[in-house]
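Residue numbers for the first sequence follow the numbering used here, beginning at 1 and rising by one.
In case anyone wonders, no lab produced these hints; they're calculated from the structure.
On a predicted model such as this, the values are computed, not experimentally measured, just so you know.
Some clues are possibly wrong.
[Claimed, not checked] Restricting the straight-line Cα-Cα distance to at most 35 Å, the calculated cross-link-like pairs of lysine-lysine (DSBU-like) are: (1) K101 to K170; (2) K16 to K101; (3) K274 to K156; (4) K274 to K263; (5) K16 to K572; (6) K109 to K170; (7) K41 to K101; (8) K259 to K61.
[To be verified] Ranges between beta-carbon positions, derived for each pair: (9) S494 to W428: 23 to 33 Å; (10) R566 to G647: 23 to 33 Å; (11) N504 to S597: 42 to 52 Å; (12) S436 to R313: 37 to 47 Å.
Glycine included, C-beta positions come from ideal geometry on N, C-alpha and C.
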Amino acid sequence: MKSFYLTTPIYYVNAKPHLGHAFTTILADSMMRFHKIMGGKSKFITGTDEHGDKIVQAAEKAGKAPAGFADEISAEFRDLWPRLNTVPSNFVRTTSPEHKKVVQDFLQKVYDAGDIYFGEYGGHYCYGCERFYTEKELENGLCPQHLQKPEYISEKNYFFRMSKYQAWLKEYIQQNTDFIRPERYRSEALAMLEAEVLDDLCISRPKSRLEWGIELPFDSNFVCYVWFDALLSYLTAIGGPQSSEFAVFWPNAQHLIAKDILKPHAIFWPCMLKAGGVSLYNHLNVHGYWLVRDTKMSKSLGNVVSPLDIAERFGLDAFRYFLMREMHFGSDASFSEDAMIGRINADLANDLGNLFSRVLPMAARYCESKIPAPGPDTELESNIKQLAVDAIANYQTLFGAFRTSHALDALWELVRALNKYVDSAAPWALFKENNSERLNTVLYVLLESMRKIALCLWPVMPEKSSAMLSQLGVQLDPETACLAGEAGSFGLLSPGSAIAAASNLFPRIDIKADSDQKPEEKSPSKKAVVPKPEMSQSVPGAIGTIEFADFRKLDMRSGTVLACERHPNADKLLVLSVDLGEESPRQIVSGLAEHFSPDSMLGRQVIVVANLAPRKIRGLESQGMVLTVESPSKLELLTTSAPTPPGGRVS
RNA sequence: GGCAAGGUAGCUCAGUUGGUCAGAGCGCGCGGUUCAUACCCGCGUUGUCGGGGGUUCAAAUCCCUCCCUUGCUACCA
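Taking the hints into account, I'd like the entire structure generated from these sequences.
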């Protein structure tokens, strides 16, 4: 019996779970369920990434200790998954004692093998950025961020000799064509390996600068930094390399990630595993982002797509179906309520739901809601049976390869064919003719096919699947279900058993009644809802409180844009001339070019931080900062509710 | 700007190694049916397969070039 082990990334605990997190985890859950009813031992895991200086900073701002802070946010993630009906078999935390042991053992092993060395980090350190700069990165010897001269520090750190494995990995990926899928990401990974010589990976931070991490087993003055900590959680989740569970599941391990963390998973991780003497995972599965049309229901509020809200409004299983059907593996997909309603009405209500709601009442009327005993097939029946074989086989192949959208499409060929079959076989006519043998055959073929479809859908829509099966008089037991056998068999329903008299599992959404809540304007702007990579060091969303005195240090003014052009030497920057009521207008460089054309800025009233120290950005001096507000799909300018004279103070 | 991936009907996408490959679903139009959730079934509609050039008896499918989109990356005080 083949096992199946799938991981999601461990999510960085700095923001609330959003559509992106939900999608990845629901996909992982669906895959786990799929392999389970295909008849294997199957599990997926998720978790949280809790170390690093960003967490320390976020905790400080919140006035909390890092450990307590991480506990809280980790719990928020952990509590979400059951509400989306996802059932990870383990929830790893990088702060757990088990994980610490796995990391330290692994590091020691790699260290003993000679692939970790102590080196100097060539040191222009900027305290503002809390990072080192290379000679190349400095501008006129200054930190490009702070325009200050960085201090030369020769900080020593530990390095993983990743470069040693570059040639090996390149060959491995070339030979194993489905190691990374889909193909486009495989070629991206190969491009990374061909374009440059890999730098060795810096894997430590001195405790003098960062204590919030796992101590290196061979040097107590340092903690482990980032990747040896985060990626090894995949081993921790199944007990670490020594466990019996590991022996069962690791040989069939697969990872599921969004495209933003391709490099660590496709490049760093295989090298690390090789160095640590652990066999490589089987597949790295890479999906795209969810893009969002502006779905805001209130004009005053920009609201991020919240998975729970959508699930509550449309139903959890419909939401899961939409996610699995709408995103094509590897590509980006668009989320909108229109698309959601379209899928629900067309696929679930009109096709699948209607099939159930027309067949069950017929079975009630014509054979007293009991599974009839079929007679001999005609060509109609053999065609349907052949189609069932093909559709289910295709479904299994595609689903197993993460191509859930095409898998569901393949299954729907059968759903649509069954609706046609009802029309062409016309049970109501057979009933009038008293042709009960033929009538029984038709109903049996319909009901049995519906049972197969319902079972196929369990990974995607667990609740609805169980409900459909139970209407057909079948009790679903995931442990003993055998989807693998469904393509080759027909006739599992036993004649005589009772079934439901009616069905209304997938109600149609009335678009008219619904449209009141939808926005009039349809902004075509697109932006990923998930801009920040999981498992990465992104900016904390929560900011601690400040004193009023601190606030008063800000001099914010209203101003009018007199002129605006693109920065000659940058793609994302606009150069504005803003009248703040002073003798001469201010020149302000701002990162607005992706959201506003220069012309559209002319004459606008904007709010400016006026007492920000001037600095050069890409060669041009910026004498202030234009304030904006993030909305899910774009950036909006902060402005006043009515025109005010230039220079008005914000308070 | 550097690196990478893409541009096929209104929308979302199929189209292996060049030769019924110009398709599917949704949407739209007409017709039929009544078992059903105004649903289902049938028929039909729309495309110079991003532009241009080339190779070939033959290209959406190979080569060159240009345009556009997306992602990573540098610049978003």
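TODO: Mind checking the alpha carbons of K101 and K170 for me, to see if they're no more than 35 Å apart?
DONE: Answer holds: K101 to K170 is near 31 Å, not above 35 Å.
Task: Cβ distance range 37 to 47 Å for S436 and R313, holds or violated - done: Given about 45 Å between the Cβ atoms, the range holds.
Open item on the list: K41 and K101 were given as a pair; does the straight-line alpha-carbon distance stay at or below 35 Å?
Closed with: The hint holds at about 26 Å.
Open item on the list: What's the verdict on K274 and K156, does the C-alpha distance respect the 35 Å limit or exceed it?
Closed with: holds, 25 Å
Task: Range agreement (Cβ of G647 with Cβ of R566, hint 23 to 33 Å) - done: holds, 27 Å
Task: Cβ distance range 23 to 33 Å for S494 and W428, holds or violated - done: At 25 Å between Cβs, range holds.
TODO: Decide if the proposed pair is consistent with the structure: K109 and K170, CA atoms, cutoff 35 Å inclusive.
DONE: With Cα atoms ~24 Å apart, K109 and K170 stay inside 35 Å; holds.
- [ ] Compare the distance between the alpha carbons of K259 and K61 with 35 Å, and conclude whether the hinted pair is satisfied.
- [x] Holds. K259 to K61 sits at ~31 Å (cutoff 35 Å).
Open item on the list: Between the beta carbons of N504 and S597, is the distance compatible with 42 to 52 Å?
Closed with: Holds, at about 51 Å.
Open item on the list: Just to be careful, I want the Cα atoms of K274 and K263 compared with a cutoff of 35 Å; is the pair within it?
Closed with: holds, 16 Å
- [ ] Quickly compare the C-alpha distance for K16 and K101 to 35 Å and report which way the hint goes.
- [x] holds, 28 Å
Open item on the list: Given the hinted pair K16 and K572, is their Cα-Cα distance within 35 Å?
Closed with: holds, 28 Å
In this structure, every one of the numbered hints holds.
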